[in-house]
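Quick mapping for you: the protein sequence lines, in order, are chains A and B. Under the working numbering, read the first sequence as residues 2 to 473, first letter to last. Under the working numbering, read the second sequence as residues 2 to 473, first letter to last.
No lab work stands behind these hints, which were simulated from the structure alone. Computed from a predicted structure; not experimentally measured. Careful: at least some of the hints might be erroneous.
Identical copies look the same in the list; a pair holds intra-copy or inter-copy alike.
Stated by the list, open to error - As a list, the in silico BS3-like pairs of lysine-lysine whose alpha-carbon atoms are at most 30 Å apart:
#1 K471 <-> K66
#2 K459 <-> K277
#3 K365 <-> K63
#4 K391 <-> K66
#5 K378 <-> K159
#6 K472 <-> K220
#7 K81 <-> K277
#8 K378 <-> K391
#9 K277 <-> K416
#10 K159 <-> K472
#11 K391 <-> K162
#12 K391 <-> K459
#13 K416 <-> K472
#14 K63 <-> K416
#15 K162 <-> K277
Number of protein chains: 2
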Amino acid sequence: MGRLVLLLLLAFLMPGLAIPVPPALKALSNLHLSTSFTSRPSVVTKYSIHYFEQKIDHFGFKNEKTFKQRYLIADQHWRKEGGSILFYTGNEGDIIWFCNNTGFMWDVAEELKAMLVFAEHRYYGQSLPFGADSFQDSRHLNFLTSEQALADFAELIKHLKRTIPGAENQPFIALGGSYGGMLAAWFRMKYPHMVVGALAASAPIWQFEDIVPCGVFMKIVTTDFKRSGPNCSENIRSSWDAINRLTRNGTGLDWLSEALHLCTPLKNAQDVQHLKDWISETWVVCQYLKNSNLSDRELLQNIFQALNVYYNYSGQARCLNMSETSTSSLGSLGWSYQACTEMVMPFCTNGIDDMFEPHLWDLKAFSDDCFKQWGVKPRPSWITSMYGGKNISSHTNIIFSNGDLDPWSGGGVTKNITNTLVAIVIPEGAHHLDLRANNAFDPMTVLLARSLEVKYMKQWIRDFYAYLRKKH
Amino acid sequence: MGRLVLLLLLAFLMPGLAIPVPPALKALSNLHLSTSFTSRPSVVTKYSIHYFEQKIDHFGFKNEKTFKQRYLIADQHWRKEGGSILFYTGNEGDIIWFCNNTGFMWDVAEELKAMLVFAEHRYYGQSLPFGADSFQDSRHLNFLTSEQALADFAELIKHLKRTIPGAENQPFIALGGSYGGMLAAWFRMKYPHMVVGALAASAPIWQFEDIVPCGVFMKIVTTDFKRSGPNCSENIRSSWDAINRLTRNGTGLDWLSEALHLCTPLKNAQDVQHLKDWISETWVVCQYLKNSNLSDRELLQNIFQALNVYYNYSGQARCLNMSETSTSSLGSLGWSYQACTEMVMPFCTNGIDDMFEPHLWDLKAFSDDCFKQWGVKPRPSWITSMYGGKNISSHTNIIFSNGDLDPWSGGGVTKNITNTLVAIVIPEGAHHLDLRANNAFDPMTVLLARSLEVKYMKQWIRDFYAYLRKKH
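Bound-form chain A, shown alone (with noise of 0.2 Å):
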């Protein structure tokens, strides 16, 4: 199981994204997590889109060019009096993509009196600091990193208190889904004197290293599995070795080309691990899935049947083709790069815990990976030097929600750390759905998560107007 497959199940569990989500890979996450996904037209009304340019290298002073920032702002509750400013930390994508899918900054806005801002991420959407030329090689990656996102976040609201009257005294709180919510939290920790708070959501601050097992995220996909139907799992972790006995000699490759409708027939031993990465993907389709006692062959049909409607969902396709994946837009470039330097995030399954084949998380292997496609080498134990590991304990006003649904919840803060570090667990909640719009077929604990999220940030801007005024 390659670095691929696991960015993809990083998308396709990732409504709220990690990658751009391909229109299949939508359509069918509904068929998994039904509560937890929603097609209902955004609540978002109008935003202006806006660009502020930005160094391009916020820690060094040889390189003095800048590239511009795109932010949007949708203004139409905000009171200049008594209001807020959220501030949503954009992570890796288009910008008008999570601005369109936060439907909760949305929904809280007139409550909350607040002009909502989002913040495009450097190196994705339009925010690009060398335009086409920015995933040329190392030298022009070298400023995608989440230090300089920060950097750009801290500069922009400065922006933003200077040149919009009336933010200049007002509490901004950070907002993110996802990587944007371990950047929502890390700017509280880093820049305290920016937001008077946080809300990370579905942020996996802590997959990395071994401050959670490697483990953690396969086990709880097999257990969703578990829960979505009965044999779902134990037929996965079958095909694997079906495979495997069936592709021993030639014949078998043939046929499974054939059965799978491949349009590359497979031909050795390095196609059919191709293969089977590329299967992994389907985990979602588990519908096909839930006969037991198959025979090989039969288990395998059924396999193409979830592969077909994952893959050729409008039905037009004659044949599949392996080298179609969901990681082929321009965001997922600059999330492998991210993965490859500084977002060392160990996976690793044992199949018995979890229903996939057995695979040691092989740092070395990663490593040569990396530097092969970026020219980089990957430094996992940065992360923890720079934002503390688990030992976070001194900062103060960040809200980590995590569903218990989410593979990402196991490298999350799911326990209080005190009394303002403060944790959200939503039972029937997938990757963030805390920060989706008000729906109606949200379970009652999404909507609680939300309700109790909305005081938390009412508390802190009651805080923020209570220190104004005292210091007058």
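Once you've looked at the hints, dock chain B against the given chain A.
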């Protein structure tokens, strides 16, 4: 009054120190602030010298090169059970100098069962990222920032915890004076997972932008001179006009060149300005300037006496060489670059609240100078973005100590911010006197300050162990 003079002023008032102090300056500084300096042999007994391989660039992945950061360890009093680790966040100079001149740490080591660690700041002493080429150009200097230095400290602490048996579960405390005090405070702010608290002695963290009035520094200098004797500051204030009057014509220029025994005679207005800058360094030697009601010529002859003591303390020089200043050591190169990038501290005079000719703070001219000298442009507001300016109340466990005699106290924290961000003011203290070794001549106020500092540190250590026990 040029930048040079400000740097020199900084040197003379910073025994602790900004820039390595040349012998003349050291000797004379005793004349002025005798309570604040000690030439007593250090209590330093024994330390070992070590080197740690640091990434040259912590914030980018293109450059994988490393350099050797020097650090010193003294563990005579360290206890593995219930001990602590005092970590000096080295500033702009050779770390051995700071080790020898931070007697406070040596004095309290036994009481705190403490290991002492002195970490050299990159680009100073022996910790040169590119060896002899380190100051060659802006490309080589690009990694000389406070952020990189703090990251060095974080990585070094991780290394110590990993490699010294017993260090892992001990509380680290950051200590530093002057710029090193700023680093100690900022280190606690940015890496609270690395140190349980910080003692920031004479740290002018607010000497940026317009956080404090740009004239506060020179105003305190003038106040100090008023204390040191009658007529002193008045004579200095008068001398500028005396020079201006005398040098309106060639005869005056010649007379003055001879009266001051200048190696190179004054020729024009530019030379005169240079002279005034250069003379400013002699503020320390006020005993030659005690008479009032002097004629211009008498006054300037007295000025010669002062200059002669200052620059010709051995009595060997036959004339005074204006190109000889006290900033010709390596450390000052690094600091000059830092002052031209992040550490942009505005200074100004008005001739009313202070004894100097009026000079506005001219950022444009300063910036142009910097570009000429280093090929970089200052970013005067960056430090505030990064470290919060006055808005730092959410941090904890920092002691800010300041001496009332110290002009740097004007940019320091001299009032409690919260219960755990506390200010200690030492009425008879000069630049971080509290960090020096105990001395028979110490005023009572500095003894009280030191014991209060120990009290706070002991509290942090107790809290750390209490938290550790609770966790297990």
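Hint by hint, here is what the structure shows:
Within a single copy, K471 and K66 get their C-alpha atoms no closer than 42 Å, and across copies no closer than 50 Å, so neither meets the 30 Å cut-off. When the C-alpha separation of K459 and K277 is checked against a cutoff of 30 Å, the pair qualifies neither within a copy, at 49 Å, nor between copies, at 58 Å. For a Cα distance limit of 30 Å, the shortest separation of K365 from K63 across copies, 19 Å, qualifies, whereas the shortest one inside one copy, 33 Å, does not. Proximity of K391 to K66 under the C-alpha cut-off of 30 Å is restricted to the inter-copy arrangement: shortest distance 29 Å between copies versus 36 Å within a copy.
In this assembly of identical chains, the alpha carbons of K378 and K159 lie at most 30 Å apart only when taken from different copies (20 Å versus 34 Å within one copy). In this homomeric assembly, K472 and K220 come within 30 Å of each other (Cα to Cα) only across copies, at 27 Å, whereas the closest approach inside a single copy is 51 Å. In this assembly of identical chains, K81 and K277 lie within 30 Å of each other by CA distance neither inside one copy nor across copies; the values are 56 Å within and 52 Å between. Proximity of K378 and K391 under a CA criterion of 30 Å is satisfied intra-copy only: 24 Å inside one chain copy versus 39 Å between copies.
Within a single copy, K277 and K416 get their C-alpha atoms no closer than 36 Å, and across copies no closer than 65 Å, so neither meets the 30 Å cut-off. For the homomeric pair K159 and K472, the shortest alpha-carbon distance inside one copy (21 Å) is at most 30 Å, but the shortest distance between copies (39 Å) is not. Taking the shortest Cα distances, K391 and K162 sit within 30 Å of each other only across copies (16 Å), while inside one copy they are farther apart (33 Å). With identical chains, the CA atoms of K391 and K459 are at most 30 Å apart both within one copy (27 Å) and between copies (24 Å).
In this homomeric assembly, K416 and K472 come within 30 Å of each other (Cα to Cα) only across copies, at 14 Å, whereas the closest approach inside a single copy is 34 Å. In this homomeric assembly, K63 and K416 never come within 30 Å of each other (Cα to Cα): the closest approach is 44 Å inside a single copy and 37 Å across copies. Proximity of K162 to K277 under the C-alpha cut-off of 30 Å is found in neither arrangement, the shortest distances being 52 Å within a copy and 42 Å between copies.
The structure is inconsistent with the numbered hints 1, 2, 7, 9, 14 and 15, although it conforms to all the rest.
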